[in-house]
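**Student:** Chain by chain, the residues run as shown.
2 protein chains.
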Amino acid sequence: MNRPILASIHIEAFRHNLDRVRELAPGAGVWSVIKAGAYGHRLESVLEGLGATDGFALLDLRDAQWLRSQGWQGRILMLEGLFQADELNEAIALDCDLVVHCEEQVNLLESLATHSAHVFSVYLKLNSGMNRLGFAPKVYREMFHRLHGLGHQIQHMTHFANADDATRSPTVGEQMDCFSVVTEGLHGKTCLANSAAILWHRTSLGDWVRPGIMLYGLSPTGQSRDIAHANLKPVMQLHSEIIDIQDLAAGDRVGYGGRFVAPEPMRIGVIACGYADGYPRHARDGTPIWIEDRSLPAGGVICPLAGRVSMDMITVDLRKAPNARIGSKVELWGGRVAADDVAMAADTIGYELICAVAPRVPIAVLP
Amino acid sequence: MNRPILASIHIEAFRHNLDRVRELAPGAGVWSVIKAGAYGHRLESVLEGLGATDGFALLDLRDAQWLRSQGWQGRILMLEGLFQADELNEAIALDCDLVVHCEEQVNLLESLATHSAHVFSVYLKLNSGMNRLGFAPKVYREMFHRLHGLGHQIQHMTHFANADDATRSPTVGEQMDCFSVVTEGLHGKTCLANSAAILWHRTSLGDWVRPGIMLYGLSPTGQSRDIAHANLKPVMQLHSEIIDIQDLAAGDRVGYGGRFVAPEPMRIGVIACGYADGYPRHARDGTPIWIEDRSLPAGGVICPLAGRVSMDMITVDLRKAPNARIGSKVELWGGRVAADDVAMAADTIGYELICAVAPRVPIAVLP
Numbered sequence: 001m002n003r004p005i006l007a008s009i010h011i012e013a014f015r016h017n018l019d020r021v022r023e024l025a026p027g028a029g030v031w032s033v034i035k036a037g038a039y040g041h042r043l044e045s046v047l048e049g050l051g052a053t054d055g056f057a058l059l060d061l062r063d064a065q066w067l068r069s070q071g072w073q074g075r076i077l078m079l080e081g082l083f084q085a086d087e088l089n090e091a092i093a094l095d096c097d098l099v100v101h102c103e104e105q106v107n108l109l110e111s112l113a114t115h116s117a118h119v120f121s122v123y124l125k126l127n128s129g130m131n132r133l134g135f136a137p138k139v140y141r142e143m144f145h146r147l148h149g150l151g152h153q154i155q156h157m158t159h160f161a162n163a164d165d166a167t168r169s170p171t172v173g174e175q176m177d178c179f180s181v182v183t184e185g186l187h188g189k190t191c192l193a194n195s196a197a198i199l200w201h202r203t204s205l206g207d208w209v210r211p212g213i214m215l216y217g218l219s220p221t222g223q224s225r226d227i228a229h230a231n232l233k234p235v236m237q238l239h240s241e242i243i244d245i246q247d248l249a250a251g252d253r254v255g256y257g258g259r260f261v262a263p264e265p266m267r268i269g270v271i272a273c274g275y276a277d278g279y280p281r282h283a284r285d286g287t288p289i290w291i292e293d294r295s296l297p298a299g300g301v302i303c304p305l306a307g308r309v310s311m312d313m314i315t316v317d318l319r320k321a322p323n324a325r326i327g328s329k330v331e332l333w334g335g336r337v338a339a340d341d342v343a344m345a346a347d348t349i350g351y352e353l354i355c356a357v358a359p360r361v362p363i364a365v366l367p
Numbered sequence: 001m002n003r004p005i006l007a008s009i010h011i012e013a014f015r016h017n018l019d020r021v022r023e024l025a026p027g028a029g030v031w032s033v034i035k036a037g038a039y040g041h042r043l044e045s046v047l048e049g050l051g052a053t054d055g056f057a058l059l060d061l062r063d064a065q066w067l068r069s070q071g072w073q074g075r076i077l078m079l080e081g082l083f084q085a086d087e088l089n090e091a092i093a094l095d096c097d098l099v100v101h102c103e104e105q106v107n108l109l110e111s112l113a114t115h116s117a118h119v120f121s122v123y124l125k126l127n128s129g130m131n132r133l134g135f136a137p138k139v140y141r142e143m144f145h146r147l148h149g150l151g152h153q154i155q156h157m158t159h160f161a162n163a164d165d166a167t168r169s170p171t172v173g174e175q176m177d178c179f180s181v182v183t184e185g186l187h188g189k190t191c192l193a194n195s196a197a198i199l200w201h202r203t204s205l206g207d208w209v210r211p212g213i214m215l216y217g218l219s220p221t222g223q224s225r226d227i228a229h230a231n232l233k234p235v236m237q238l239h240s241e242i243i244d245i246q247d248l249a250a251g252d253r254v255g256y257g258g259r260f261v262a263p264e265p266m267r268i269g270v271i272a273c274g275y276a277d278g279y280p281r282h283a284r285d286g287t288p289i290w291i292e293d294r295s296l297p298a299g300g301v302i303c304p305l306a307g308r309v310s311m312d313m314i315t316v317d318l319r320k321a322p323n324a325r326i327g328s329k330v331e332l333w334g335g336r337v338a339a340d341d342v343a344m345a346a347d348t349i350g351y352e353l354i355c356a357v358a359p360r361v362p363i364a365v366l367p
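Residue numbers (this note's numbering), protein chains in the order written: chain A, 1 to 367; chain B, 1 to 367.
The hints are simulated quantities; they were obtained by calculation from the structure and are not laboratory data.
Just so it is clear, CB atoms sit at the ideal spot from N, CA and C, and this is done for glycine as well.
Some hints here could point you the wrong way.
Per the computed footprint, the stretches of chain A lying under chain B, defined by three or more beta-carbons under 8 Å from a beta-carbon of chain B, are [unchecked claim]:
| hint | region |
| --- | --- |
| 1 | 60-74 |
| 2 | 100-111 |
| 3 | 123-130 |
| 4 | 244-251 |
| 5 | 310-319 |
| 6 | 351-357 |
Whole structure, please, built from the sequences with the hints as guidance.
**Tutor:** Shown next as structure tokens:
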């Protein structure tokens with residue numbers, strides 16, 4: 001009773017990928033990063049798929065509330081800390097760990113101390129070169145001592161800008177050097193590695209790791225070939241169906257702007273999926289789409305996108321799938337087409353695609 | 001108690017834009033297109049903002065159910081018709097008008113006739129050159145007669161591929177010629193113009209028009225200058241706040257990949273908005289962002305994006321806003337920065353941006 005588009009979430013793939021994190025970071029605590037609605041996979045799926053994690057890391061207190069309401073008793077880390085003073089009581093009630101990345105947040109905890117004895121587990125964030133969130137090296141130790149003096153339990157945290165690309169500055173090595181110098185002699189565990197560092201910088205993990213994209217089975221680089229031997233499984237499969245077919249004459253054009261021109265008589269399939277479902281509007285002609293064709297030995301074949309992505313539809317060149325018809329199944333990404341490969345054809349990374357899957361796309365959680 | 005990001009929906013702008021449609025298409029019936037969650041504005045806002053429309057056009061029967069549950073008694077058009085046979089009863093119960101664009105849907109209505117006397121208002125769709133949905137000219141009249149014979153009330157519909165660009169083929173004129181020849185002498189009203197045709201092809205409106213993007217105050221071309229004199233108002237305003245500030249030395253790099261390099265000592269603001277909120281990851285350095293700075297006469301200033309868009313944050317060059325601080329307000333798009341201008345800096349169109357606003361972004365509906 002819907003448009004035929006559907007995102008399937010494979011719980012077994014979640015479990016497999018979390019096991020891979022444990023293998024790659026033995027002994028480390030694992031914060032599974034589930035911000036952005038579990039990177040578009042919806043929070044509903046993570047308790048079942050990632051329930052063996054040590055903690056969930058997220059941004060919105062609403063999500064923390066939801067996890068507690070579902071009975072999650074493990075740890076919860078607020079990755080950007082608190083945004084406003086009025087979140088303090090709720091963060092205490094929900095027993096959250098807090099990132100502290102700016103002096104306003106230190107001030108907040110100091111004012112809390114005037115009327116509460118609550119002790120937080122704090123992840124104090126050092127800006128070691130990414131220049132996004134975190135304290136400058138010259139003030140980090142002062143912030144540590146202010147919070148330590150209040151009795152909070154402090155971990156040392158930083159974020160790598162280029163763990164996926166050794167050629168860019170600042171390198172992981174440069175950031176590690178900064179981190180080591182600044183935190184030298186300070187008490188507390190460390191929390192360092194994102195997915196790229198877990199995969200490729202195994203000496204820079206820290207006591208706690210923060211896997212994100214690898215849990216969802218995609219590459220930190222946005223290029224599927226870079227994780228070809230990492231033994232990760234894609235968790236999301238986005239599929240739909242052909243809802244119309246057009247017979248074109250040579251020279252006929254397809255869609256807005258008429259970008260695709262038929263070089264010969266051919267069939268075009270119209271698929272119920274567009275940029276308002278989260279398919280990237282930048283996708284070029286030739287972007288891979290798997291099309292069911294039961295007359296073929298493999299049951300289907302990769303066909304090329306043909307014509308500009310519209311809001312609710314994409315169009316595909318069916319010359320390789322002569323028996324595709326209205327109702328034939330389509331995989332936009334998942335097991336047969338890597339989300340990263342679709343992303344690459346749209347000049348972006350798989351992260352953006354999976355996060356952008358729209359609320360109008362129903363989700364099926366599969367074992 | 002949330003991240004500070006918020007999308008405000010201005011009801012008065014909705015009403016103003018619908019009035020503009022009435023002025024431009026006097027006497028025509030108006031199908032207000034609200035698919036894709038009202039182009040990202042959420043269905044909740046349209047009954048109040050667009051309640052004076054003649055009907056709502058959408059894709060998902062779930063949305064039709066929701067409109068009826070809220071008391072909407074006007075017409076509802078299913079823009080791609082029914083996707084499956086099991087939707088028929090619900091479409092009857094909800095009293096929907098149906099687009100019919102493929103023979104499978106004609107067959108469905110024929111099988112309905114064997115056990116039901118229900119008569120639909122049908123929008124029979126002609127493929128006049130866009131080559132997406134619709135019947136080829138050579139079969140259109142046959143389909144008309146089959147449905148007419150069943151007693152359905154039939155309107156004639158087609159969709160323009162290039163109403164926003166007179167230089168591209170097929171032109172509106174070519175599609176109109178096709179439409180006129182194919183429908184000649186057939187009974188029934190017509191439904192032709194999308195927003196671009198309402199604005200720029202006033203002789204190709206039809207008895208019913210289907211405004212979409214212009215109701216939301218954006219340009220059909222994706223370029224804000226093209227509607228500078230159209231007297232439309234943006235309905236959505238996306239705003240957030242600065243959540244951290246970094247002091248950079250010359251040569252320091254910002255964010256993943258270190259794309260932005262500070263040419264001199266300067267400040268970078270970190271804003272709570274990233275691609276997982278719907279901000280386009282393709283946005284280049286220089287993309288305009290309005291930043292509050294109360295020390296400036298205008299209360300704020302447009303500053304350039306600096307560094308790659310991350311999942312939850314963007315970074316902005318604060319050299320023009322010397323007194324911006326943590327907590328300063330930010331407008332990503334709306335009244336001061338056109339969504340189309342942000343889109344243009346990301347090689348896309350405003351449509352994609354507004355549709356992509358993520359469910360984690362709260363909505364405030366304002367009078």
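**Student:** Hint by hint, say whether it matches the structure.
**Tutor:** Hint-by-hint comparison with the structure:
1. 60-74: This one holds; 3 residues, not fewer than the three required, reach chain B with a Cβ under 8 Å.
2. 100-111: holds (count 3)
3. 123-130: holds (count 3)
4. 244-251: Result for this restraint: holds, n = 5.
5. 310-319: holds (count 5)
6. 351-357: Since three or more residues must qualify, the claim that chain B covers the region 351-357 of chain A holds, with 4 doing so at under 8 Å.
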